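Taken in sequence, the protein lines are chains A and Y. The end of the first sequence is residue 307 by numbering that gives the first Met the number 0, with every number in the run present. The end of the second sequence is residue 307 by numbering that gives the first Met the number 0, with every number in the run present.
Keep in mind that the hints were calculated from the coordinates and are not lab data. Predicted, not measured: the structure shown is a model, and the values here were computed from it. Be careful, since some hints might not be right.
Which copy is meant is left open, because identical chains are indistinguishable; a pair holds if it fits in one copy or across any two.
Using 30 Å as the maximum straight-line C-alpha spacing, the simulated DSBU-like pairs for lysine-lysine come out as follows [stated by the list, open to error]: (1) Lys98 / Lys190; (2) Lys190 / Lys284; (3) Lys250 / Lys137.
2 protein chains.
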Amino acid sequence: MASDPLPSWNDGAAKSAILDFVARVAKEGGPDYVRPAERIATFDNDGTLWCEQPLQVQVFFLIDRVKELAARDPGMGQRQPFKALLERDLKTLHDLGKKGLLELFFATHAGVTDEHFAEIARTWLGHAKHPKFGALFKGCVYRPQIELLDYLHTNDFRTFIVSGGGVDFMRAFAEATYGIPPERVIGSSVKTRFDSGDDPSSLTKLGELNSFDDREVKVQNINLHIGRRPILAFGNSDGDLAMLRYTLAGKGARLALLVHHDDAVREVAYDRDFKLSPLAEALDKASEYGVTLVSMKNDWKTVFESQV
Amino acid sequence: MASDPLPSWNDGAAKSAILDFVARVAKEGGPDYVRPAERIATFDNDGTLWCEQPLQVQVFFLIDRVKELAARDPGMGQRQPFKALLERDLKTLHDLGKKGLLELFFATHAGVTDEHFAEIARTWLGHAKHPKFGALFKGCVYRPQIELLDYLHTNDFRTFIVSGGGVDFMRAFAEATYGIPPERVIGSSVKTRFDSGDDPSSLTKLGELNSFDDREVKVQNINLHIGRRPILAFGNSDGDLAMLRYTLAGKGARLALLVHHDDAVREVAYDRDFKLSPLAEALDKASEYGVTLVSMKNDWKTVFESQV
Numbered sequence: 000m001a002s003d004p005l006p007s008w009n010d011g012a013a014k015s016a017i018l019d020f021v022a023r024v025a026k027e028g029g030p031d032y033v034r035p036a037e038r039i040a041t042f043d044n045d046g047t048l049w050c051e052q053p054l055q056v057q058v059f060f061l062i063d064r065v066k067e068l069a070a071r072d073p074g075m076g077q078r079q080p081f082k083a084l085l086e087r088d089l090k091t092l093h094d095l096g097k098k099g100l101l102e103l104f105f106a107t108h109a110g111v112t113d114e115h116f117a118e119i120a121r122t123w124l125g126h127a128k129h130p131k132f133g134a135l136f137k138g139c140v141y142r143p144q145i146e147l148l149d150y151l152h153t154n155d156f157r158t159f160i161v162s163g164g165g166v167d168f169m170r171a172f173a174e175a176t177y178g179i180p181p182e183r184v185i186g187s188s189v190k191t192r193f194d195s196g197d198d199p200s201s202l203t204k205l206g207e208l209n210s211f212d213d214r215e216v217k218v219q220n221i222n223l224h225i226g227r228r229p230i231l232a233f234g235n236s237d238g239d240l241a242m243l244r245y246t247l248a249g250k251g252a253r254l255a256l257l258v259h260h261d262d263a264v265r266e267v268a269y270d271r272d273f274k275l276s277p278l279a280e281a282l283d284k285a286s287e288y289g290v291t292l293v294s295m296k297n298d299w300k301t302v303f304e305s306q307v
Numbered sequence: 000m001a002s003d004p005l006p007s008w009n010d011g012a013a014k015s016a017i018l019d020f021v022a023r024v025a026k027e028g029g030p031d032y033v034r035p036a037e038r039i040a041t042f043d044n045d046g047t048l049w050c051e052q053p054l055q056v057q058v059f060f061l062i063d064r065v066k067e068l069a070a071r072d073p074g075m076g077q078r079q080p081f082k083a084l085l086e087r088d089l090k091t092l093h094d095l096g097k098k099g100l101l102e103l104f105f106a107t108h109a110g111v112t113d114e115h116f117a118e119i120a121r122t123w124l125g126h127a128k129h130p131k132f133g134a135l136f137k138g139c140v141y142r143p144q145i146e147l148l149d150y151l152h153t154n155d156f157r158t159f160i161v162s163g164g165g166v167d168f169m170r171a172f173a174e175a176t177y178g179i180p181p182e183r184v185i186g187s188s189v190k191t192r193f194d195s196g197d198d199p200s201s202l203t204k205l206g207e208l209n210s211f212d213d214r215e216v217k218v219q220n221i222n223l224h225i226g227r228r229p230i231l232a233f234g235n236s237d238g239d240l241a242m243l244r245y246t247l248a249g250k251g252a253r254l255a256l257l258v259h260h261d262d263a264v265r266e267v268a269y270d271r272d273f274k275l276s277p278l279a280e281a282l283d284k285a286s287e288y289g290v291t292l293v294s295m296k297n298d299w300k301t302v303f304e305s306q307v
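Chain A on its own, in the form it takes in the complex:
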């Protein structure tokens, strides 16, 4: 290959593992050849494709939603957990857990139609900025991962997001940002209501959880939505371990990777103590399971897309 397809990756074991894997599965007639139809790659989103510190991006979106609702209902801001949200009280928010925050995110959008929600999310993503890095949240996606997605697409992979994040929130930016169309975004979801009687024009989001796309559920949703085992999977937390192991357990060439957030200077150094999405078991067992660790500090030349 004439030019480096992954210029934001430093030379090292992780970059070599990726380049070697893609070359092997794409080599027609080679022992590890995989036909394009079966080149499925799944990516977690929060912490894998974009920054999830100090809170997942959709929690910042939730905070702004609660601000709006509290403007109409002044008592709301005095009640928990809304008070903690408005005050960005990280300790209380982290204690709520990823699922608790997700349920709050869904509850505060109950009654909104699917198309109206998409509009709200796109508008917010058009101006909302990260409190520490100053860039638009959309700019806090990882440059090396954008290159990797492009590289996989060029090599006839079909990439999917498989994330605990709200599916409709991710769909509002995944196509423009990652080149991943809505039907290849799998996430947590709510139940919806469709009334074909009078107005068959839209679906309404309900407050009730349909799927919390984390841990084993990621594998179940891969089966439900994709119907094929991935040959490459990329995550960053214990919530991704089931998906990584399911990927590795298939026959033929496989690659599973984990971002290790060990870069306190350019991002945040964290793993087992991050309550919203700890990396502990997966870190301890990575070597035993054959998972490749990607060090943000050592393997990534550039971190954020906004820095390019």
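Given the coordinates of chain A, assemble chain Y onto it according to the supplied hints.
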């Protein structure tokens, strides 16, 4: 266009509506242009892409499964509803309803892994033949619809199956037969179990229904799986009406079609009296809702792929 992309369609209102619609949405700079990313088309399967008479194909698959199970448990064949299945007692089977038969189909595969099920289904589809037409069931797909799918693919549409049929059963043949990969097949499904503890290699199908993909649920599943409103939808029964109306309710150019099985000579003439999947309300309201009726008798030059 030099050659006819739909040679198995007779000239008439239905064929013109299709050719006109595709030309309009694909015409760059035209008033009805739709960018390729948004060219989503959804198709029902049973009765729309292949024959569903006198029973849906997966009921024949179920009958053979029950034969196998009954060979190991001789009392089983004496008990209902298994007796009715083994005797192909159509009246009793039609009374069970589509959902009842589906639940039986799922129940008799509980405990099977996803990959083993795919193998069983592919093997069966490789030899099982239609009792009336004599061809492999795979050959009982409709030739005009295969041409339509090809024509849509050529015009940068992404086609999806959205059917009440079992999703894993359809995925066993949809890619080879229709050119529709597993991730673009949406259907009824069961819950699954994934145990990442000792053996992270596979999912096991449970007997419990996850989704019965019919009527309003088709629209909810389109939202969950695709995340975009189709611009074209094709069905053949009241179970498809919600999907057709949801499709037509979007802004811009839209096309919704219904196969009307009015050909007693080449297939079976039926509509409102077919208990497993009646066409009644959708037939009565087609004109009011702007749905294009496709007459098998008049609009299709050839019916089955096996006749080509």
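Which numbered hints are broken by the structure, listed smallest first? As far as the earlier hints go, not one is violated by this structure.
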